[in-house]
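Engineer: In case you want the letters, here they are:
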Amino acid sequence: MFRMQNLSKTYRTHMIETHALRGFDIHVREGEFVTVTGPSGSGKTTFLNIAGLLETFDGGNYTLDGVDVKGMNDDARSRLRNEKIGFIFQGFNLIPDLNLFDNVDVPLRYRGLSGADRARRIEDALTQVGLGSRMKHYPAELSGGQQQRVAIARALAGSPKLLLADEPTGNLDTQMARSVMELLEEINAKGTTILMVTHDAELAVRAQRNVHIVDGQVSDLVRKAPTLFDVNSAELAAAVANATA
Amino acid sequence: MFRYYVLLGVRNLRRNPALTALMVLTLAIGVAASVSTLTILHVMSGNPIPGKSERLIVPLLDNGPLRSYVAGAAPDDDQSAYRDAINLMQGGFGARRTALFGIGGSLEPERPDLPVEGIDGLAVFSPYFAMFETPFLYGNAWTEVEDKNAANVVVLSRVRSEKLFGKINPVGKRMRMFNHDFQVIGVLDTWNPLPRYTHLINGNGGTVNGEDGIFIPFNAAIGAQLYPSGSTTCNSEQAPGYQGFIDSECTWIQIWFELKSASDRNALKDYLTAYTAEQGKLGRFPRKAPVLTYDVMEWMNHLQVVSNDTRLAVWLSFGFLVLCLVNTVGLLLAKFSVRAPEVGVRRALGATQGDIFRQFLVEAGVIGIVGGVTGLLLSVASLALIAEASAELSAVAHMDWAMLLLTVVLALAASLLAGLLPTWRACQVTPAIQLKSQ
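Chains A and B, in that order, are what the protein sequence lines are. Start counting the first sequence at 895; every next residue gets the next number (my numbering). Start counting the second sequence at 33; every next residue gets the next number (my numbering).
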């Protein structure tokens, strides 16, 4: 899905230089569910922002779904982000003045889809997260868990290939967190690649792969027992061929 | 997307209503002040006869005495003497010509129990009506023959006709004024050119208010020995009596030429220069001053129909609008700055900086439209207040479609201008920071 090689990112103020990422290498395959853990200030969010094209990087290479994003201008990155990436944030980040339908509509508007196509996608996405009957409600009328479901619906409506989640359960109680996690797993099972930053060790190990970041570098890759989602289609085909030989 | 932005703009009017109301009101007050003063300027400086204003020419011939005259100086008198008026009418230059002067007197009622009524109007030659495209409700103008014969006929304004005869066709009726019986030959439909450019130097109202109620043949007025009701300038001795007055070098008559084409103006100037030279041989025009000609707009400018005070008021009101704009910029900055999280979300979801710029600028425009409509209401109210101040202002303090449109366009342009900086600032939001800080 995406590959980062020797990526570096430094924040500079007039007094201090902070190396958020350095020599950062990672390859996330299509269909993977990867969790990202690490201590505060380790560079998790910077990694996620760069992966989501919200921030630029200073050195190295980043290829997203076969597209080299290095040197892309802001408009091109916005279009690519809109087309390929969905975001889920810890604080939900719904627009309070818009009802659920209009909130989910936001990314679709920027894609220039027709009204009918947008309406169908919005209804499908809200139905998928169990809020199909509350489309005219406003975010303030929902619980935290429901708001996060709306955010997930908004991310899903554009059918992104990559879903980036920054501590999506951080503001939820355990039960709601579990429910959101189950929803994400369900989405992943349908083929969407998910990259999730979390502080929750229990959630982190539920993913197929856990990337641990320390001081802006990947320090550890913890892999679960291989599943179908851990191998790409070529590997799967080779395995099937071997088994049947 | 434009419709989407407009919908968001309308929806966001309700967000922070106090701030929105303040912005709308600030814009509306600024626009209303500008539009009110501009309306007056627009009416007073507008072209009252756009189709032919460049072909209607006022000549100025300086027949003043030589004393205190600086050689080469322009004529310092805006009217002509009777003798020149008659000579130039008979000269036949141009497509049409008329001389005119204001008349005033009393209308003597048929029944002795009715009060004597004052009446104002103009003594003109018959081409006057065609030259200035006056609309006729009933009847028509008198003929050149009636001009020559000094016939006692009269054309009434609609207001005067209805006042005298009610809403009937009065053509053929008689009325007694200036000690003579006059027969009504026509009635003009409503015709109030603003400013009253055909007769700006008048004694019955001024440049914008007042109305000429009657029009009689120039020669009939002379026959009735009517003195002009407007200004008269006499710089030399004159013989006694009315004959002495009209034979004098006193100036009290306005002359107009209608040319076939605006390019004939130089020929008119040559003709008038030749005329003054010829008259010079008779001992007249001792100053040998250059002949001047003015078309309608130049004539109004020469007579300063739009006073410097009016122009100053417009400048001041636009200065006030700029102040209002600066305030609106501040208010928009406040309104948009709290929307940084929304900008962050939209950017993360695929909006380009251009998308955000357009969305917020359209939102500023929506505020401008609402401000424009409010400003329109305030303008109408302030014009009504201005009209209360004087009869002259009441004649010009009214809005037409052009000013109505201008109000909304001005408010929209002002809001877009005021919205540029806040919108640009909104575009600069770094989405990553906003998203994490929520």
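Treat the hints with care, since some could be wrong.
Unchecked claim - Just a sample of chain B residues kept apart from chain A, beta carbon distances all over 10 Å, derived: (1) Pro373; (2) Ala380; (3) Ile401; (4) Met431.
As the list claims (entries may be wrong) - Stretch by stretch, here's where chain A covers chain B in the computed footprint (C-beta under 8 Å, at least three residues): (5) 36-45; (6) 450-459.
What the hints assert, rightly or not - Estimated spans, in silico, between C-beta atoms of each pair: (7) A:Asp991 - B:Ala416: 47 to 53 Å; (8) A:His1093 - B:Arg47: 47 to 53 Å; (9) B:Leu355 - A:Gly935: 47 to 53 Å; (10) B:Ser295 - A:Gly1006: 54 to 60 Å; (11) B:Arg46 - A:His1093: 25 to 31 Å.
No lab work stands behind these hints, which were simulated from the structure alone. Model, not experiment: these values are computed from the prediction. Just so you know, even glycine gets a beta-carbon here, dropped at the ideal spot from N, CA and C.
Engineer: Next, verify each hint and record whether it holds.
Structural biologist: Quick rundown of the hints versus the structure:
no., hint, in the structure
1, Pro373, "violated, 7 Å"
2, Ala380, "violated, 5 Å"
3, Ile401, "holds, 20 Å"
4, Met431, "holds, 36 Å"
5, 36-45, "holds (count 3)"
6, 450-459, "violated (count 0)"
7, A:Asp991 - B:Ala416: 47 to 53 Å, "violated, 39 Å"
8, A:His1093 - B:Arg47: 47 to 53 Å, "violated, 34 Å"
9, B:Leu355 - A:Gly935: 47 to 53 Å, "holds, 48 Å"
10, B:Ser295 - A:Gly1006: 54 to 60 Å, "holds, 57 Å"
11, B:Arg46 - A:His1093: 25 to 31 Å, "violated, 38 Å"
Consistency with the previously given hints fails for numbers 1, 2, 6, 7, 8, 11, ordered from lowest to highest.
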